[in-house]
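Enquirer: Listed here are the chains, written in short residue letters.
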Amino acid sequence: MPHLANKKLIVLLISVIFLVALIGFSLRDRHNATLPEQIIKDTVGFAQSIIAKPTNYITGIFSNIESLLNTYEENKRLKVRLEDFAVLQAEVGLLNAENASLRELTTIKESLRDFDPIQATVIARNPDQWEEKIILNKGTADGVEKNMAVMTARGLIGKIVIATPFTSEVELLYTNNENYRVSAIVLGEKNEEIHGLIEGYDVERNELLLKRIDSNLKLKVGEKVQSSGLGGIFPKGILIGEVTEVTTDDFGLTKMAYVKPAADFSMLENVIIAKRKTIAIDGSDGSATNGDLTNEPVAEEAEEEE
Amino acid sequence: MLVRFLIPTVAVLLFLLESQFAMFSPIEIKGATIILVPRFLILYLIFLAIYYNRKKAMVYGLIFGLLFDVFYINIIGLYTFLYPAICFLAAWSVKRIHPHLAVSSLIAIALMSLLEFAIYEFFYVIQFTSMALQPFLYNRLVPTILANSLFLMMLGWAFKYLISARVLQRAQEHS
Numbered sequence: 001m002p003h004l005a006n007k008k009l010i011v012l013l014i015s016v017i018f019l020v021a022l023i024g025f026s027l028r029d030r031h032n033a034t035l036p037e038q039i040i041k042d043t044v045g046f047a048q049s050i051i052a053k054p055t056n057y058i059t060g061i062f063s064n065i066e067s068l069l070n071t072y073e074e075n076k077r078l079k080v081r082l083e084d085f086a087v088l089q090a091e092v093g094l095l096n097a098e099n100a101s102l103r104e105l106t107t108i109k110e111s112l113r114d115f116d117p118i119q120a121t122v123i124a125r126n127p128d129q130w131e132e133k134i135i136l137n138k139g140t141a142d143g144v145e146k147n148m149a150v151m152t153a154r155g156l157i158g159k160i161v162i163a164t165p166f167t168s169e170v171e172l173l174y175t176n177n178e179n180y181r182v183s184a185i186v187l188g189e190k191n192e193e194i195h196g197l198i199e200g201y202d203v204e205r206n207e208l209l210l211k212r213i214d215s216n217l218k219l220k221v222g223e224k225v226q227s228s229g230l231g232g233i234f235p236k237g238i239l240i241g242e243v244t245e246v247t248t249d250d251f252g253l254t255k256m257a258y259v260k261p262a263a264d265f266s267m268l269e270n271v272i273i274a275k276r277k278t279i280a281i282d283g284s285d286g287s288a289t290n291g292d293l294t295n296e297p298v299a300e301e302a303e304e305e306e
Numbered sequence: 307m308l309v310r311f312l313i314p315t316v317a318v319l320l321f322l323l324e325s326q327f328a329m330f331s332p333i334e335i336k337g338a339t340i341i342l343v344p345r346f347l348i349l350y351l352i353f354l355a356i357y358y359n360r361k362k363a364m365v366y367g368l369i370f371g372l373l374f375d376v377f378y379i380n381i382i383g384l385y386t387f388l389y390p391a392i393c394f395l396a397a398w399s400v401k402r403i404h405p406h407l408a409v410s411s412l413i414a415i416a417l418m419s420l421l422e423f424a425i426y427e428f429f430y431v432i433q434f435t436s437m438a439l440q441p442f443l444y445n446r447l448v449p450t451i452l453a454n455s456l457f458l459m460m461l462g463w464a465f466k467y468l469i470s471a472r473v474l475q476r477a478q479e480h481s
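Residue numbers (our numbering), protein chains in the order written: chain A, 1 to 306; chain B, 307 to 481.
Because the hints were derived from the structure by calculation, they are not lab data.
All clues given are correct.
EDC-like mimics (lysine to aspartate or glutamate), calculated; alpha carbons at most 16 Å apart, straight line:
#: 1; chain 1: A; residue 1: Lys260; chain 2: B; residue 2: Glu334
#: 2; chain 1: A; residue 1: Lys218; chain 2: A; residue 2: Glu189
#: 3; chain 1: B; residue 1: Lys336; chain 2: A; residue 2: Glu204
#: 4; chain 1: A; residue 1: Lys224; chain 2: A; residue 2: Glu189
Beta-carbon label-pair distances, calculated as ranges:
#: 5; chain 1: A; residue 1: Arg81; chain 2: B; residue 2: Leu412; range: 45 to 55 Å
#: 6; chain 1: B; residue 1: Leu323; chain 2: A; residue 2: Ser215; range: 48 to 58 Å
#: 7; chain 1: A; residue 1: Ser101; chain 2: B; residue 2: Tyr430; range: 56 to 66 Å
#: 8; chain 1: B; residue 1: Leu412; chain 2: A; residue 2: Arg113; range: 55 to 65 Å
#: 9; chain 1: A; residue 1: Leu19; chain 2: B; residue 2: His480; range: 30 to 40 Å
Where a beta carbon is used, it is the ideal one built from N, C-alpha and C, also for glycine.
Given these sequences and hints, build the entire structure.
Expert: Here it is in structure tokens:
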């Protein structure tokens, strides 16, 4: 009998060593899926998308009922906004025409704003919510690639971190990953451009942090924050949120602002993946996630901008 | 014959439903953000370990832990280890006592909290989260325990019923 116990102990020890090695191995390179991982992801993703359909339908009914109850209030508010909207629409039309004609005069064909939208449905969400992740039903077969921006109709929500043939994984803006940066822009008074970086979020306030703002520039509460497109990956002009408070940075050298995200993160269902038309540099918004960034001259420029 | 396939089918269903229920979280109540983590599968696996078969529960735990790791976490080995370990503990803890439904529900909830805490510690050590212990307990662990207890109160008896049907069937096959 002691012989058998010894054998069990050895098996246990070996499996523990194996597990630790496995954890260490997979921690080192989390943003590339190996072939067996991709196969598992696609199979589970397929099952998830089947389950997601009826559940989305049911939650859809509930949210329909909820919006029906709020119809009166909402209608009142919308009527007020509608008058402003007509004026705004006329203005936008004029500006668009002007923009197009000016573009014809110059040689600039592509703008950082242009992107091809890919519609996708959320099929799953990481149940243990330590990392805020969602999984979409579109993958590399539909043209989705790593680092593409993901948004809802209301604003930016995150970016693609892993794409397998039929699924893709989105890391939401609410993340503790310090390499997750989005280069952002605020249009201040007199159309002055204020650049900054979205870096991390405040857990208690549940708001994003806009950091590295030049301390000479004046930032006001209520101003809209958009993506600037200068990070090299995201298209320009996707709404991120609204400034709620302006303070100084930890070191007092630059300003920092709290940004309330425009998109609603709790019940995500349909999202848009933005495939940028201008050349996107190979890398991510932030340097350290993919090691080879610094070796390339193109990437260096991008880093300066960030 | 049907009962035989029902046991793995329920496990697969719970695995898939977890991520659907996760979409409801986080909830904001009076300015506080409350995170509810659905842990349906491990509760079911604990019931399997208590009422059915320790070894089978651990194999299920291994498979679903691996799926969980690959599909959601991208760190292979975390749930792959913890799910079978929890099943083992569950079977070990009822060795000396008679597993009444209420008792096993309590054990299941306790082990689920242990799992939640172990995972919190792991993510804290590798610095994926900076959440302090206090907010973890109040905004995450307690609501999660409450939500999963509710789930277990509703479906615990069904799990037990299903598993004992399978055990009975097995006994008939052997005799």
